[in-house]
Amino acid sequence: DAKTTQPPSMDCAEGRAANLPCNHSTISGNEYVYWYRQIHSQGPQYIIHGLKNNETNEMASLIITEDRKSSTLILPHATLRDTAVYYCIVRPKYSGGGADGLTFGKGTHLIIQP
Amino acid sequence: GAGVSQSPRYKVAKRGQDVALRCDPISGHVSLFWYQQALGQGPEFLTYFQNEAQLDKSGLPSDRFFAERPEGSVSTLKIQRTQQEDSAVYLCASSLAGGGAHNEQFFGPGTRLTVL
Numbered sequence: 041d042a043k044t045t046q047p048p049s050m051d052c053a054e055g056r057a058a059n060l061p062c063n064h065s066t067i068s069g070n071e072y073v074y075w076y077r078q079i080h081s082q083g084p085q086y087i088i089h090g091l092k093n094n095e096t097n098e099m100a101s102l103i104i105t106e107d108r109k110s111s112t113l114i115l116p117h118a119t120l121r122d123t124a125v126y127y128c129i130v131r132p133k134y135s136g137g138g139a140d141g142l143t144f145g146k147g148t149h150l151i152i153q154p
Numbered sequence: 610g611a612g613v614s615q616s617p618r619y620k621v622a623k624r625g626q627d628v629a630l631r632c633d634p635i636s637g638h639v640s641l642f643w644y645q646q647a648l649g650q651g652p653e654f655l656t657y658f659q660n661e662a663q664l665d666k667s668g669l670p671s672d673r674f675f676a677e678r679p680e681g682s683v684s685t686l687k688i689q690r691t692q693q694e695d696s697a698v699y700l701c702a703s704s705l706a707g708g709g710a711h712n713e714q715f716f717g718p719g720t721r722l723t724v725l
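In order, the protein sequences belong to chains E and S.
Residue numbering for the first sequence follows my numbering, beginning at 41 and increasing consecutively.
Residue numbering for the second sequence follows my numbering, beginning at 610 and increasing consecutively.
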């Protein structure tokens with residue numbers, strides 16, 4: 041899997057949009073960008089994924105640059121419950137016949153301030 | 610609905626003891642993963658099962674670590690002769706697998722192992 045780079049920590053005020061950056065300059069054409077988060081004392085939780093188009097779901101939006109070398113996860117209205125470690129992961133497109141283990145880095149510790 | 614469950618949630622072992630950690634995946638999920646998460650680090654992949662077959666065990670740190678999933682559902686991670694460096698949270702995840710590009714992994718709460 042391609043390596044990702046994320047800032048170790050970020051703060052955001054409650055109610056504001058939280059923008060979490062991720063660099064993945066060595067990503068290849070068949071690799072997706074995934075985001076997971078891990079709230080304290082819980083297992084990681086899937087948030088969103090994308091290939092090259094921007095994606096949005098009920099939790100977040102994912103903006104991927106045109107050259108696909110970086111992306112930004114956006115939590116539009118952060119709440120205190122969004123305080124967690126956010127992991128940006130690059131993984132190959134599932135090709136059938138099996139699945140692959142995720143390669144987590146250290147992630148970004150997002151702290152939502154009241 | 611029922612998610613992935615793990616037991617025990619906490620385990621304290623004396624150095625040299627054997628431990629067994631259990632994972633109950635989501636019903637019907639074909640794929641099952643084990644990860645190890647040291648304090649302050651992201652989870653690291655240990656091993657992967659598709660049904661009862663262990664297809665990848667490249668992440669197991671030593672031959673003291675052994676995983677099984679004999680009937681393709683419940684899995685057990687066994688650590689023999691535990692060492693202090695084995696202290697970590699052990700996470701289990703399951704996914705539907707099958708066709709398609711997206712294969713979300715659902716994680717359990719983990720088992721925190723402390724080796725004294």
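Hints are computed from structural coordinates only; laboratory data are not their basis.
There could be a bad hint or two in this list.
[Stated by the list, open to error] Now the in silico label distances, taken between C-beta atoms and shown as ranges:
hint : chain 1 : residue 1 : chain 2 : residue 2 : range
1    : S       : R624      : E       : E98       : 39 to 49 Å
2    : E       : N70       : S       : N660      : 21 to 31 Å
3    : E       : P47       : S       : H711      : 36 to 46 Å
4    : S       : R624      : E       : T96       : 33 to 43 Å
5    : E       : E106      : S       : R624      : 46 to 56 Å
6    : E       : E98       : S       : S636      : 17 to 27 Å
7    : S       : N660      : E       : K133      : 16 to 26 Å
8    : E       : I103      : S       : Q626      : 46 to 56 Å
9    : E       : N70       : S       : P617      : 19 to 29 Å
10   : S       : P617      : E       : T45       : 51 to 61 Å
11   : S       : S696      : E       : L120      : 24 to 34 Å
12   : S       : N660      : E       : R121      : 34 to 44 Å
13   : E       : N94       : S       : F675      : 21 to 31 Å
14   : E       : E106      : S       : F675      : 32 to 42 Å
[Claimed, not checked] Only pairs whose alpha carbons sit at most 35 Å apart, straight line, appear in this in silico DSBU-like list of lysine-lysine:
hint : chain 1 : residue 1 : chain 2 : residue 2
15   : S       : K620      : S       : K666
16   : S       : K623      : E       : K146
17   : E       : K43       : E       : K146
18   : E       : K146      : S       : K687
19   : E       : K146      : E       : K133
20   : E       : K43       : S       : K666
21   : E       : K133      : E       : K43
22   : E       : K109      : E       : K43
23   : E       : K109      : E       : K146
24   : E       : K146      : S       : K620
25   : S       : K666      : S       : K687
26   : E       : K92       : S       : K687
27   : E       : K92       : S       : K620
28   : E       : K109      : E       : K133
29   : S       : K620      : E       : K43
30   : S       : K687      : S       : K623
31   : E       : K133      : E       : K92
32   : S       : K666      : E       : K109
33   : E       : K92       : E       : K43
34   : E       : K109      : E       : K92
35   : S       : K687      : E       : K43
36   : S       : K623      : E       : K133
37   : S       : K666      : S       : K623
38   : S       : K687      : E       : K133
The beta carbon of each residue, even a glycine, is placed where N, CA and C say it ideally should be.
- Taken at face value, is the distance from the CA of K133(E) to the CA of K687(S) at most 35 Å? Distance ~31 Å between K687(S) and K133(E) Cα, so the pair holds.
- Query: Straight-line Cα separation of K43(E) and K666(S) no greater than 35 Å?
  - Reply: With Cα atoms ~21 Å apart, K43(E) and K666(S) stay inside 35 Å; holds.
- Message: Tell me if the straight-line CA distance from K146(E) to K620(S) falls inside 35 Å.
- Response: holds, 25 Å
- Query: Taking 16 to 26 Å as the hint, is the beta-carbon distance of N660(S) and K133(E) inside that range?
  - Reply: With Cβ atoms ~22 Å apart, the hint holds.
- Query: For the pair supplied as a hint, K133(E) and K43(E), is the alpha-carbon distance within the 35 Å limit?
  - Reply: Holds, at roughly 16 Å.
- For the pair supplied as a hint, K92(E) and K43(E), confirm whether the alpha-carbon distance does not exceed 35 Å. holds, 17 Å
- Query: Holds or violated: K146(E) with K133(E), Cα cutoff 35 Å?
  - Reply: holds, 22 Å
- Query: Keeping to a limit of 35 Å between CA atoms, is the pair of K109(E) and K92(E) held or broken?
  - Reply: The hint holds at about 10 Å.
- Task: Please work out if K666(S) and K623(S) have their alpha carbons no farther apart than 35 Å.
- Result: holds, 26 Å
- Hinted pair K109(E) and K146(E), Cα distance within 35 Å: At roughly 19 Å apart (the allowed maximum being 35 Å), K146(E) and K109(E) satisfy the hint.
- Message: Just to be careful, I want the Cα atoms of K623(S) and K146(E) compared with a cutoff of 35 Å; is the pair within it?
- Response: The hint holds at about 29 Å.
- Task: Mind checking the alpha carbons of K109(E) and K133(E) for me, to see if they're no more than 35 Å apart?
- Result: Satisfied, since the Cα-Cα distance of roughly 17 Å is no more than 35 Å.
In the structure shown, a violation is registered for the earlier hints numbered 3, 4, 9, 10, 13, 14, 26, 27 and 36, in ascending order.
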